[in-house]
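Enquirer: Protein sequences, first through last, are from chains A and E. If you count the first sequence from 1, position 9 lands on 9 in the numbering used here, and the numbers rise without skipping. If you count the second sequence from 1, position 84 lands on 84 in the numbering used here, and the numbers rise without skipping.
There's no promise every hint is true.
20 Å max Cα-Cα, derived DMTMM-like pairs, lysine to aspartate or glutamate [what the hints assert, rightly or not]:
| hint | chain 1 | residue 1 | chain 2 | residue 2 |
| --- | --- | --- | --- | --- |
| 1 | A | K605 | A | D20 |
| 2 | E | K152 | E | E168 |
| 3 | A | K39 | E | E128 |
| 4 | A | K423 | A | E399 |
| 5 | A | K39 | E | D197 |
| 6 | A | K39 | E | E48 |
| 7 | A | K39 | A | E100 |
| 8 | E | K152 | E | E25 |
| 9 | A | K97 | A | D20 |
The hints are simulated quantities; they were obtained by calculation from the structure and are not laboratory data.
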Amino acid sequence: METEQLEILDFLRRHAPFSDLPEETLAWVASSVDVAYYKADTQITAFGDEIDGLYVVRSGSVEVFRRSGDLYNRLSEGGFFGEFALLRNGKVRFPAKALEDTLVYIIPAEVFHELFENHELFADGVEVEDKTRLRQAVARREDANELMTSKIKTLVQREPVAIDSGATVREACQRMSAESVSSLLILRDESGQSSKDTSLSHSMLDGIITDRDIRNRLVTPGLDYDTPVTEIMSTGLVTVEHNQLVFEAMLLMLRHNLHHLPVLKDSKPIGVIAISDIIRYESQNSLFVVSSIFRQTDREGLAALKPEVRSCFQRMVNEDANSRMIGSAMAVIGRSFKQRLLELAEDKLGKPPVPYCFLALGSMARDEQSIVTDQDNAIILDNSFDPDQHDEYFRQLAEFVCDGLSECGYSYCTGGIMATNPKWRQPLQVWQDYFAQWIDKPTPQSLLDSSIFFDLEGVWGKTQWAEQLNQMVAARARRSPRFLASMARNALNRTPPLGFFKDFVMEADGRQSNSINIKRRGTAPMVDLIRVHTLAVGSRARNSFERLRDIIDAGILPKGRGPDLRDALEFIAMVRIRHQALDLDEGQEPDNSVVPENLSDFERKNLKDAFQILSNAQKFLRFRYQSGRSI
Amino acid sequence: MPGSEKTAGVKAPLPWSQRFVQLAEEARDPRIKAFYCAGMVDESTPLEEVPLLAMDFETTGFDSSKHGIVSIGLVPMSHRRIHCREARHWVVKPRVALDETSVVIHGITHSDVAAAPDLSDVIDELLEYMAGRVIVVHHRSIERAFLDVALKARTGEGIQFPVIDTMELEARLHRSKAPGIIDWLLRRRPASIRLADSRERYHLPYYRPHHALTDALATAELLQAQIAHRFSPQQAISELWQ
Chain A
1 METEQLEILD
11 FLRRHAPFSD
21 LPEETLAWVA
31 SSVDVAYYKA
41 DTQITAFGDE
51 IDGLYVVRSG
61 SVEVFRRSGD
71 LYNRLSEGGF
81 FGEFALLRNG
91 KVRFPAKALE
101 DTLVYIIPAE
111 VFHELFENHE
121 LFADGVEVED
131 KTRLRQAVAR
141 REDANELMTS
151 KIKTLVQREP
161 VAIDSGATVR
171 EACQRMSAES
181 VSSLLILRDE
191 SGQSSKDTSL
201 SHSMLDGIIT
211 DRDIRNRLVT
221 PGLDYDTPVT
231 EIMSTGLVTV
241 EHNQLVFEAM
251 LLMLRHNLHH
261 LPVLKDSKPI
271 GVIAISDIIR
281 YESQNSLFVV
291 SSIFRQTDRE
301 GLAALKPEVR
311 SCFQRMVNED
321 ANSRMIGSAM
331 AVIGRSFKQR
341 LLELAEDKLG
351 KPPVPYCFLA
361 LGSMARDEQS
371 IVTDQDNAII
381 LDNSFDPDQH
391 DEYFRQLAEF
401 VCDGLSECGY
411 SYCTGGIMAT
421 NPKWRQPLQV
431 WQDYFAQWID
441 KPTPQSLLDS
451 SIFFDLEGVW
461 GKTQWAEQLN
471 QMVAARARRS
481 PRFLASMARN
491 ALNRTPPLGF
501 FKDFVMEADG
511 RQSNSINIKR
521 RGTAPMVDLI
531 RVHTLAVGSR
541 ARNSFERLRD
551 IIDAGILPKG
561 RGPDLRDALE
571 FIAMVRIRHQ
581 ALDLDEGQEP
591 DNSVVPENLS
601 DFERKNLKDA
611 FQILSNAQKF
621 LRFRYQSGRS
631 I
Chain E
1 MPGSEKTAGV
11 KAPLPWSQRF
21 VQLAEEARDP
31 RIKAFYCAGM
41 VDESTPLEEV
51 PLLAMDFETT
61 GFDSSKHGIV
71 SIGLVPMSHR
81 RIHCREARHW
91 VVKPRVALDE
101 TSVVIHGITH
111 SDVAAAPDLS
121 DVIDELLEYM
131 AGRVIVVHHR
141 SIERAFLDVA
151 LKARTGEGIQ
161 FPVIDTMELE
171 ARLHRSKAPG
181 IIDWLLRRRP
191 ASIRLADSRE
201 RYHLPYYRPH
211 HALTDALATA
221 ELLQAQIAHR
231 FSPQQAISEL
241 WQ
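Construct the complete structure from the given sequences, taking the supplied hints into account.
Expert: Laid out in C-alpha cells, this is it:
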C-alpha cells in the first residue's frame with residue numbers, strides 16, 4: 001500500500017509495544033494489518049485454532065480464558081492477545097471472546113515474528129504486556145504467606161474461659177487454675193445483670209483479667225482476694241472479628257501493646273488469642289522485638305537489639321511475607337526505637353521546656369521501611385519556642401536520639417535531614433511557612449531538597465501538629481499546578497533501567513552495568529511518582545499502596561494502570577527486600593545494589609515487566625503534569 | 001429491489017450476474033470489457049463467499065455532472081476480514097477546477113492535484129481491483145455516478161456494477177417508516193445515517209473523516225458490524241446489494 005493508514009498508524013504510535021518502533025517500521029506494520037469486527041459475546045479465537053496474527057484491541061473489550069474456562073485476562077483498547085500462540089506452536093491456547101462490540105487490528109504472524117526478532121524493545125513489550133504474569137507472581141507470594149491470608153478463627157484453640165462479673169478475684173483465680181489459662185473473660189448477661197449462667201450465648205463481654213492484672217493490680221497493691229473481679233479487670237477492650245486476618249490482629253496487638261485479644265463472632269466472644277498463638281506463626285516476630293525495645297533502659301541495650309531486628313526481617317522474608325507487611329513491621333520497629341530513645345532522652349534531660357513533636361519522614365512515615373535505611377527526622381516546636389532559652393535542650397535531645405538511632409543501625413542522613421540540624425528543628429509556624437514556600441513558590445532544587453518532607457508522620461509528643469501539616473499540604477498542593485509540575489519533574493529524574501540481558505543491565509543509551517541500585521532506579525521513582533498523583537488528588541494517605549488505592553479511586557489513571565503499578569511496586573520492593581535478606585544470610589552488610597547475575601530468570605523477567613510498567617507510568621506522569629498544565 | 005435498478009442500455013432488469021455477461025458483450029473498451037468478463041457472483045451466493053471491495057471517493061462537489069474525483073480509496077475485504085495490506089489510495093487530477101470549500105473538507109490541495117495523474121492513468125488498476133468483487137460504499141450515488149461519468153469522459157463508455165450501500169442498510173433500519181405524531185410529540189429525530197454516526201451505533205471507534213482511504217476502511221468496518229448484528233454470513237448477497 002502506498003499511503004499510510006492514518007488512523008491505524010496513529011493508534012499504533014500511541015500504544016506499547018508498538019510505540020517504541022521506528023516510524024518507518026510502524027508505517028509498514030500499520031499498512032499490513034487485517035481488521036475484524038466482533039459483536040459482543042462472540043468468540044474471537046477458540047482453543048486449538050490456528051492463530052494468524054497478534055490481535056490488538058482497537059475498541060471494545062475482550063476476555064481471554066484459560067482452557068478450564070476460568071477468566072485469564074480482560075483487555076481493553078490497546079490490549080493484545082495471541083502472542084502465546086504465535087511464540088509457540090501457532091495454536092490458540094487461551095480462547096478469546098468479545099465482551100463488548102469490539103474492533104481488532106490483527107498484525108499478521110509473519111510481521112509479528114519479524115518485529116519480535118528485530119526489535120528488542122518490541123519483544124520485551126510483548127512479554128510485559130502479559131501483565132497477568134506479574135499479577136500471578138505477586139499473587140503467589142500472597143498465597144504463600146499464611147499470616148496474610150489466615151483468618152483469626154484458625155488461631156482460636158478453645159472456647160473462651162469466662163466468669164460472670166459478680167465473681168471475686170479468688171473465684172477467678174480458681175477458675176483460671178482449673179482451666180490452666182492465663183486470661184479470663186468477664187461476662188455480664190444482656191439484661192445488665194451479672195450472669196450466673198456463663199454460657200456465652202446470652203452474655204456481653206465486660207472485661208478481661210490476666211495473670212499480669214492479678215500480679216499488678218491485686219497482689220502488688222495488697223488487695224483482698226475477695227475483691228470483685230470487676231475492680232481489677234481491663235475494660236474498653238480491643239477485640240477482633242473471627243474473620244479478620246491474623247496479620248490485622250498482629251498489628252492491633254502492636255499498636256495497643258496487648259497480649260490478649262478476645263475474638264468475637266456476631267458480637268459474642270468465641271475465644272481469646274494470645275501473643276503466644278501468633279508466635280506459633282512467627283517465632284521471632286516483630287512483636288518480640290518491639291516489646292524488647294520498650295524494656296531497654298539505655299542506648300547500649302537498644303543497640304544490642306540490632307541482630308534481633310535483622311533476624312526478624314530475615315524471618316519475615318523467609319516466611320514469604322509481602323512487602324507491605326515487612327515494610328510496616330520494620331517501620332513499627334523503627335518508630336519504637338525512636339519513641340524509646342525519646343523517653344530515655346526526656347528521663348535524662350528532664351521535662352521539655354516547651355511542647356514538641358518528633359517527626360518521622362520518608363519510608364518510616366510511609367510504613368515502607370526496609371533493613372537498609374537512613375534516619376530522616378525533624379522536630380516541630382511549640383510557637384512559644386525561644387531559641388536562646390530552649391534550643392539547648394532540643395539540641396541535646398536531638399543529638400541523643402540521632403546518635404542512638406545510628407547505634408541501632410539507622411545511619412545518619414547524608415542530606416542532613418535530621419533533628420540535629422537546626423534548620424529542621426523549628427516552631428510550627430516556621431514549618432507552615434516552609435511548606436507554603438515549597439508549594440507556592442517551588443523551584444526544582446527546593447523540591448529536590450524537601451520532597452522527603454511530603455511523607456511525614458508525628459511519632460512522639462504533639463503528633464496532631466504533624467497532622468495539621470499533612471492537612472495543609474493535602475489541601476494546598478492539589479491547587480498548585482506549578483508545584484505539581486515541579487514535583488513531577490523531580491519524580492522523573494530517576495528512570496528505571498531498560499532491561500536485563502544475561503548478566504548485565506542494559507541502559508536506554510546502550511551502556512551496560514553489572515548492578516543496579518534497586519532503590520534509586522526502582523522503588524524510589526515509583527514512590528515519587530505515586531506521591532505526585534497523591535498530592536494531585538488531595539489524598540492524605542501515606543503508604544504507597546494506600547495512596548495507589550486513592551489514586552485509582554480518583555480515576556485519574558488510564559484504565560488498568562493502577563493495579564499494574566501496584567503489582568510492579570510490590571514486585572520491585574520484594575526483589576529489594578529479598579536481596580537484602582540474602583546479604584544478611586551470607587553475613588554481608590545489606591545494601592540496595594542488585595546484581596542481575598544473582599537474580600533468577602523468573603525475577604529478571606518479572607523485574608523487566610515491572611520496570612516497563614514504571615517507565616510507562618513515568619511517561620504518563622510527564623504527559624499529565626508537564627509544563628505546569630493543570631489537572 | 002435487488003438487481004433491478006434501471007440503467008440506460010439495459011432494457012429489462014436482469015439479475016447482475018446475467019447483466020454482466022450481456023454488458024461484457026456490449027463493451028468496446030478492453031479495460032471495461034475485462035471488468036465485465038470477470039463476472040459477478042450469482043444472486044443466491046451467500047455473503048460469506050463474496051469477495052468485497054470497500055470504496056470511497058473524495059470529490060470536488062456532490063454533482064457528478066459538474067464535479068470531479070480527487071482521490072480514491074480501496075480496501076479489499078470479506079465478511080470476516082479487512083485487508084489493509086492490499087488497500088490502495090490514489091490522488092487524481094479532476095478535470096474540473098478544485099473549489100475552496102471542497103479543499104477545506106478533504107484537505108487535498110491544488111498543488112497535490114497538480115502533481116497527480118489523470119484518472120485515465122489509474123483506470124486499469126482500478127478496474128482490476130474492482131473485477132469480480134462486490135463494491136461496498138457508504139451512500140452509493142457518489143461512487144457509482146462519479147465513476148460512470150468519469151469513465152464516459154475518458155473511454156466514451158459508462159460503467160454499472162452492484163453495490164452494497166452501508167448507508168442504505170442503516171436507512172432500512174432507521175428510516176423504514178415515516179415519523180408519526182408520537183415521534184413529533186416526543187421530539188424524536190430520525191437517527192442520523194451518516195457514516196460517523198452509524199459507526200457510533202455499532203461502537204466503532206471515531207476516525208477522522210474525509211480521507212478516501214480512511215473512509216473506505218471506515219465503511220468496510222461498518223459493513224462488518226452490520227453483518228455481525230443484523231445479517232448472517234449465510235444470507236444471499238441479493239438481500240444486501242443494489
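Enquirer: If a hint holds in the structure, say so; if it does not, say that too.
Expert: These are the hints, each one checked on the structure:
Between A/K605 and A/D20 the alpha-carbon distance is near 19 Å, which keeps this suggested pair within the 20 Å criterion. In summary, the hint linking E/K152 to E/E168 is not supported, as the alpha carbons are separated by about 26 Å, beyond the 20 Å threshold. Restraint check for A/K39 and E/E128: the C-alpha separation of about 32 Å exceeds 20 Å, so the hint is violated. Of the supplied pair hints, the one linking A/K423 and A/E399 holds, its CA atoms being roughly 14 Å apart against a limit of 20 Å.
Distance restraint check for A/K39 and E/D197: the Cα-Cα separation of roughly 18 Å lies within the 20 Å cut-off, and the hinted pair is therefore satisfied. A distance of roughly 16 Å separates the Cα atoms of A/K39 and E/E48; the hinted pair therefore holds under the 20 Å criterion. Taking the CA atoms of A/K39 and A/E100, the gap is near 7 Å; set against the 20 Å cutoff, the hint holds. Between E/K152 and E/E25 the alpha-carbon distance is near 17 Å, which keeps this suggested pair within the 20 Å criterion.
Between the alpha carbons of A/K97 and A/D20 the distance comes to roughly 28 Å, so the proposed pair goes past 20 Å and is violated.
Checked against the numbered hints given earlier, this structure breaks hints 2, 3 and 9; the rest are met.
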